[in-house]
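Asker: Residues per chain, in single letters:
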Amino acid sequence: MNHEQQILTILYQMDMAIGGEVSVKPLLTRTLQQLLYHTSFPAGLVFLDLPPDTGAPTVDARLEAVVGDFELGENIGHTLTLPAALLRGGHELREDPALLAALSAKGNTYAAFLRLPIDSNGVILLLSPKIPHSELPLTRIFQPVMANLGKAILLCRHHEAYTAGLVSERDVAWEKLRKVNRALKTLSSGNEVLVRATEESALLQEMCRVVVEVGGYHVAWVGYAQHDAQQSVLPMAQHGIDGEQLGKLRFSWADDEFGRGPTEAAIRSGEQQFIADAYTDPRFAPWHAVAIESRCASILALPLMDSEGQAFGAITIDAAEANAFDEEEIRLLRELANDLSYGIVNLRNRTERRRSTAQLHKGLEDALQAIAATVEMRDPYTAGHQRRVARLAEAIATELGLPQERIHGIRLAGTVHDVGKIGVPAEILSKPGLLSVIEFNLIKQHPSIGYEILKEVEFPWPIAQMVRSHHERQNGSGYPDGLQGEEILLDTRIIAVADVVEAMFSYRPYRPGLGMQAALNEIVSHRGVLYDAQVVDACLRVVEQGFKFD
Amino acid sequence: MTSTNTARYLPSLEENFLDEQLVAWQAEQPKMGVLVLLPEAERDAVPRIQQVCARRQVPVVGAVFPALTEGGVFRTQGAWLLRFDEMPYAALYPDLPREPEKIPAALDAIAADIKPHLGGSHDTTLFLLFDAMVPNIATLLDELYLRIANRVHYMGANAGSESFKPMPCLFDGASIIQNGVLALLLQPHRGAVLEHGYAAPTQTLTATSTEGNRILQIDWRPAFEVYQEMARAQYGVEIDRQNFYQYAVHFPFGILRANGMTLVRIPVALEQDGSLFCVGEVPPNALLTLLKAPAVDSAHTIDRLTEGLQELGGSPAGQELLLFYCAGRRLHLGIEAAQNELRLLAQRSQAAQIAGALSLGEIGGSTQWGYPLFHNATLVASYWGRSDT
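Just so you know, the sequences run in chain order A and B. Numbered per our numbering, the first sequence spans residues 211 to 760. Numbered per our numbering, the second sequence spans residues 1031 to 1419.
Bound-form chain A, shown alone (with noise of 0.2 Å):
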């Protein structure tokens, strides 16, 4: 056997797997299995980011990686103590078995090591009851794949520390556009129960019910105040909790002990209260066992207001885990009381009902507002560009003589027609110069996911499917879905003129703006191609009329 030979081999064969990797984790694991593989030895250890060498005679150095050893395994980032004649110096082979008493546990004694160290910043020890057969210098041969293998755990911790600033940017921003979902769907689904309501204590009852099953928050319930001597508040509804339960609670709108709980105080003063942990806050006090028992760690408790202004009751609503509402949510689930204030005062006066659909599509429009700029503070470059689209888009359809109805809910859609962009790392939003196809492949998901993040929300229009469309061309050559015509909405058709020509009149990352003629000849050129024929021809009109974008 050619000795050389086989080492180069062996060496290219290792730095290939080591070059293969991307995270420490599995790059170290590698490391160790090419290693025991090639060598014979059990067991393998790493150890990175040894302290300095003080001349101490143990060193306090973290378990970063093990092979072979079911014990040591177990204690993988944990911090060993250990003998530093073991970990440091130079590559060595050693029988050794008192140095190496402190790894050796039930059922497994070491009396051999191979020393490896990785630049100055760690080492690899393998280890053996014996040492194993080999004809090669193993002290030697992997000293190149250790310089290797320092200079590829620099890079991979490089790489996950990049990585994990893009995944933790874009999960804060998740988070923040869930909260919001879930109480905009609480909402449109609130609406529906006021617009069929007929009965006050049903309309309750279902509004508990929708807050809980579909916003899926903990509890819902619904306190009347009672003008009685001990201005007691009294349940009138609830869901996710016993009525039997609730009813024993002792809650009173009064300013004493059972009165400081965020419904009684909302009650009071007419303001929304928020207790971010029950278990712990002082306010909560008298009810803190119950909380602990049904899991109501946060509290939201929100006014109910008659037409004179006064607080006749509360909505509470209870998440199970503490700190659970954030600002856009409180704001969104404020306009859910706000609506059953009015629902339940319109029942009381039928004659309202009209003025209650306008707030009601208020409500819907002050989210779909608070969604838009949920994206927009997160991607700089592209703000305002869905409001623009918005106006340019309203102004095609009433140049086509489209109904009002059917305009409004267009411009609505343009408001929020790229909210998928949440879905996609800033940093690919606001790259200058041209993009990969993967990250390309990325921006183009932001229609789907606009189609999920808004499809359960009922609204009076088909906003999530304009949102889904709105890059669908008249071909078939666009996505997600390939549409073509007449399968492509005149409402989404509008939207994608709009977007087309607001992106390539505005400023981009990647270039300057090009002005409004370039913005036109473009969707000109491709007039009945990509565009819908009609719907540039109205463009071209709104602009001679006079359209500007801010």
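Since the hints were derived computationally from the structure, they do not count as laboratory data. Heads up, a few of these hints could be off.
[Claimed, not checked] DSSO-like mimics (lysine-lysine), calculated; alpha carbons at most 30 Å apart, straight line: (1) B/Lys1132 - A/Lys235; (2) A/Lys654 - B/Lys1132; (3) A/Lys235 - B/Lys1145; (4) A/Lys340 - B/Lys1132; (5) A/Lys395 - A/Lys572.
We have chain A already, so just place chain B on it with the hints.
Answerer: Chain B only, in chain A's frame:
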């Protein structure tokens, strides 16, 4: 337990023979279980075996191999019944995943099943019988070693058809499965010894492009082209597409490791693009050599195997052994030379009985500790039925 009453070869699988054997054993060991090794020609007997065992309330597991070994010859009829005094932990896992992203979860589940049954003794053997059609056994072993590590000794073999025709070949008392593994936890048990005795010639080449058990390129050229050249240069043999299947088994690849040990990989299929399929995975950039039948030193191999058994658990004389003999090795050496090796093992070991099967790949290490490796063309031997092994 006596050391010579735990393995029985039944020449016929008539229901009453099976039943009589179980009744006799149950009288000695009421909590007994049984491992059944069947030759391919007897695989229709599986439901009958399951019925008899169910009737006698004897837990059973088993596997179907191309043939059995008994009395120094290969048998295509009958069955080996191997008794456990008390049925150990045994589990069947059908349809093991092939997609790399699904493997960790599957192995997590298998390890989670096994870990609670490990007990306190380090002399525990994880005995694995795979369906030979599972293409990624080496990867699965790597993953298993990451989870169970040195907590067990590893031994095993591949079951199935010698023609590599897919078929259910692993069974327990209720089902028969394919593309899976039968895992048994033997304790106390000190593993197995594995030897092949192939001498590696000096010329080596690198598998520069591989996919699992397929070698696409050697030294950046189509694998078959280089394989032909190696056979011509080293052994003066002209291998072409017509005689490939006749010759390949006689010229397996050896994968060399830094410790000088060789893993044998028998090429079993030749693709149109010149790539070669082997039994067992070939790591990317593995150092390959071409092995050849005459280089097998049978006497040396059997001596090493016997010495290994001696180190494992003292003298094998008068003991019962379990043996897996690679089908590829038999093809390679020819039936007569292979049977000579069986008889040589019986003679050198002086074992009371050697229960065995012709296997389609073997699992073990050359040492008692260390990484479990997937081999071809080897003999794997272990003690059977000894309470201290």
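Asker: Taking the hints in turn, state whether each one holds.
Answerer: Hints and how they fare:
Of the supplied pair hints, the one linking lysine 1132 of chain B and lysine 235 of chain A holds, its CA atoms being roughly 18 Å apart against a limit of 30 Å. For a cut-off of 30 Å, the pair hint linking lysine 654 of chain A to lysine 1132 of chain B stands: about 27 Å separates their Cα positions. Proposed proximity of lysine 235 of chain A and lysine 1145 of chain B is supported: the alpha carbons are some 23 Å apart, at most 30 Å. At roughly 36 Å between alpha-carbon atoms, lysine 340 of chain A and lysine 1132 of chain B are farther apart than 30 Å, so this suggested pair is violated.
Restraint check: the Cα-Cα separation between lysine 395 of chain A and lysine 572 of chain A comes to about 15 Å, which is no more than 30 Å; the hinted pair holds.
This entry does not satisfy hint 4, going by the numbered hints stated previously; all others are met.
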